[in-house]
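K.L.:
Required output: the full structure, derived from the provided sequences and hints.
Same order as they appear, the protein sequences are chains A and B. At position 35 of the first sequence (counting the first as 1) the number is 35 in the numbering used here, and the numbers step up by one without a gap. At position 46 of the second sequence (counting the first as 1) the number is 1046 in the numbering used here, and the numbers step up by one without a gap.
There's no promise every hint is true.
No farther apart than 20 Å at their CA atoms in a straight line, the calculated lysine to aspartate or glutamate pairs in the EDC-like style are these [as the list claims (entries may be wrong)]:
1. Lys1284(B) / Asp1541(B)
2. Lys1284(B) / Glu1547(B)
3. Lys1208(B) / Glu37(A)
4. Lys1433(B) / Glu1493(B)
5. Lys1284(B) / Asp1195(B)
6. Lys1284(B) / Glu37(A)
Keep in mind the hints are simulated off the structure, nothing from the lab. As the structure is a computational prediction, the values presented were derived from the model and not from experiment.
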Amino acid sequence: MDGARLKGAAMTMQYILAGLTALGLLAYLTAVLIRPERF
Amino acid sequence: MQAQSMFDRALLGPAMRDAVVKLDPRQLVRNPVMFTTAVVATLATLLVLGNMVTGAGDLLFQGQLVFWLWLTVLFGNFAEALAEGRGKAQAQSLRATKDQLVACRLGKNGEEEEIPATQLRQGDIVLVSTGRTIPADGEVVSGVASVNEAAITGESAPVIREAGGDRSAVTAGTTVISDEIEVRVTAEPGSGFLDRMIALVEGASRQKTPNETALTILLTGLTLIFLVAVGTLPAFAAFAGGTIALPVLIALFVALIPTTISALLSAIGIAGMDRLIRFNILAKSGRAVEAAGDIGTLLLDKTGTITIGDRQASEFVALPGVAESDLVAAARLSSLADGTPEGRSIVALAGSGDVLPSEAEPIAFSAQTRVSGIDLPGRSIRKGAVDAVLRLGDFPEEAVLSLRKITDRIAQAGGTPLAVVENGRLLGAVHLKDVIKAGIRDRFSELRRMGIRTVMITGDNPLTAAAIAAEAGVDDFLAEAAPEQKLEYIRKEQAEGKLVAMCGDGTNDAPALAQSDVGMAMNTGTQAAREAGNMVDLDSDPTKLIEVVGIGKQLLMTRGALTTFSIANDIAKYFAILPAIFVVLYPSLGALNLMGLASPSSAILSAIIFNALIIPLLVPLALKGVKYRPMPAASQLLRNLAIYGAGGVVAPFIGIKLIDLAVAGLGLA
Chain A
1 MDGARLKGAA
11 MTMQYILAGL
21 TALGLLAYLT
31 AVLIRPERF
Chain B
1001 MQAQSMFDRA
1011 LLGPAMRDAV
1021 VKLDPRQLVR
1031 NPVMFTTAVV
1041 ATLATLLVLG
1051 NMVTGAGDLL
1061 FQGQLVFWLW
1071 LTVLFGNFAE
1081 ALAEGRGKAQ
1091 AQSLRATKDQ
1101 LVACRLGKNG
1111 EEEEIPATQL
1121 RQGDIVLVST
1131 GRTIPADGEV
1141 VSGVASVNEA
1151 AITGESAPVI
1161 REAGGDRSAV
1171 TAGTTVISDE
1181 IEVRVTAEPG
1191 SGFLDRMIAL
1201 VEGASRQKTP
1211 NETALTILLT
1221 GLTLIFLVAV
1231 GTLPAFAAFA
1241 GGTIALPVLI
1251 ALFVALIPTT
1261 ISALLSAIGI
1271 AGMDRLIRFN
1281 ILAKSGRAVE
1291 AAGDIGTLLL
1301 DKTGTITIGD
1311 RQASEFVALP
1321 GVAESDLVAA
1331 ARLSSLADGT
1341 PEGRSIVALA
1351 GSGDVLPSEA
1361 EPIAFSAQTR
1371 VSGIDLPGRS
1381 IRKGAVDAVL
1391 RLGDFPEEAV
1401 LSLRKITDRI
1411 AQAGGTPLAV
1421 VENGRLLGAV
1431 HLKDVIKAGI
1441 RDRFSELRRM
1451 GIRTVMITGD
1461 NPLTAAAIAA
1471 EAGVDDFLAE
1481 AAPEQKLEYI
1491 RKEQAEGKLV
1501 AMCGDGTNDA
1511 PALAQSDVGM
1521 AMNTGTQAAR
1531 EAGNMVDLDS
1541 DPTKLIEVVG
1551 IGKQLLMTRG
1561 ALTTFSIAND
1571 IAKYFAILPA
1581 IFVVLYPSLG
1591 ALNLMGLASP
1601 SSAILSAIIF
1611 NALIIPLLVP
1621 LALKGVKYRP
1631 MPAASQLLRN
1641 LAIYGAGGVV
1651 APFIGIKLID
1661 LAVAGLGLA
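P.N.:
Here it is as structure tokens:
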């Protein structure tokens, strides 16, 4: 794999990771809003 | 209790260590904004590590962003750890007291057994003699003793503890300094007053208060909105034909979410409890401290709170046909052997005269007879409650009517009449006056300005109560108050939506203490009262209820002021970060760079550094509290909006600019 393709694949991975984190946070923050007394 | 300075080295070191320990996600998850910051800081760390492998992006810049993101989380943890640390230091000395306690347990046949206090169980009877420390919370079942409660209250003056009545409760860790008492243990090991105090000052049993929960909902809502908003930015950038580096997006997100107030929120709550503890008041929950700040009605006992406990003689009123000098002389003579404050005040008002004759036989006051006096050869003088004195003999109707007129006038003026009779002849009355505490009228005016209604509770008749209420300047009074009436009054006020505070010490106060929103029990009171209240005043000074309201208000104001500051802070960050991110894609956004920041990278880095540094800078204010001034809520709000709202807008512009100059000067971005 050449450098450019490696960077491209890493970029995609980073966006997937960031997307999953954002979704996880979305779920967590929603849970806090629904049951704030648990946090 | 003594508190350490927040900048004490003994506190700073452990607080720094605890800040790292608190990175444990199980602890962080209770603070949604800081947990979110830690999650995105972890993501940014992984991204930068990935970029190190691929060599993508400006690693020095991204590395610095990650460093400051983690510092933001650590500073938040540090603020909480520092607030908790002050409590822990206080708890340590209490624990040392508790661990060394030894008990002398009495068996069924009275045999004595020395055991560690931890082995005591509820219902055990222990013998505590002079010089010994009381090993567990309990009630005196036999004997009377002077007890030094300095270990708990910091006050070295001894107090009397005796079986029965309202002074029977004793606390583990206090020392008997004279006599001997038998105490029935009322608390199981680990659940005593000292244990609860240790847990409270350490913050171990701290639960979120209703206001904190409400604020958490607001801050979480804002975080959610910014998460969605920042999540859409890559799409805008793509539309304009560019990209935004993920670490930069993360930096923007962290700068926008309310990290400042979230980082300081629990520290503000802990510091509020701590302020009460330093004031020798133990709040059983943060909810009680918060409620104190919202109190609408304050119920105050007349005796000891509004008036000084002892009544003073202010006037001699002789019956028609009786020389005032005869009344004065008789009242004086009958009071010479009377050691009560009232008796001494009669002697003082009467002025100089005879000394107590050696053949005199003083008659002490008793609750049954309600009279006292003196017997001399050929003379018998009695003084006391009017009805009790009139029962002593068959007096002429005219004299009784005249006495009634005089005593009614005294009662209407708020005083207590004391009838005087010599050898079966009514002489007149002594006017005992309740002495209003100096400055109490001003305190009530102050409370009125704060929007708090004061209600005087007294066992006096309505006439006397009305006169004292008018003199003291209270808004209302409850005369001839029985415990049920107090409870009814509190419920009525609460039904009107007001929060009610009261203090009490007797078992009969327990229902009202439990019903009130802030129930401050006196430490000298019964176990039932201390259990029922949600605060315990270790100095047993009912006037401190007024200060408790101030501390509660200060807590609420500090939280409000720092929330305003934190949210107002965002404005400057928009002007710093948004042009930096979009100026390449949308050059016209360069106009937003009002601060003239050196470069897009330095603008983003400066905003993130400011966002982190503002937390430790505000820690002293969070722990010390915003200065509270008694004034109406609307004026208070305007004042705080001007200081913390406008300050929150202006401060970051200056701070970010200064940091940008340093960052650019050092070549960091």
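K.L.:
For every hint, state whether the structure bears it out.
P.N.:
Cross-check of the supplied hints:
| no. | hint | in the structure |
| --- | --- | --- |
| 1 | Lys1284(B) / Asp1541(B) | 18 Å, holds |
| 2 | Lys1284(B) / Glu1547(B) | 17 Å, holds |
| 3 | Lys1208(B) / Glu37(A) | 8 Å, holds |
| 4 | Lys1433(B) / Glu1493(B) | 31 Å, violated |
| 5 | Lys1284(B) / Asp1195(B) | 12 Å, holds |
| 6 | Lys1284(B) / Glu37(A) | 19 Å, holds |
Going down the numbered hints, you'll see the structure goes against just number 4.
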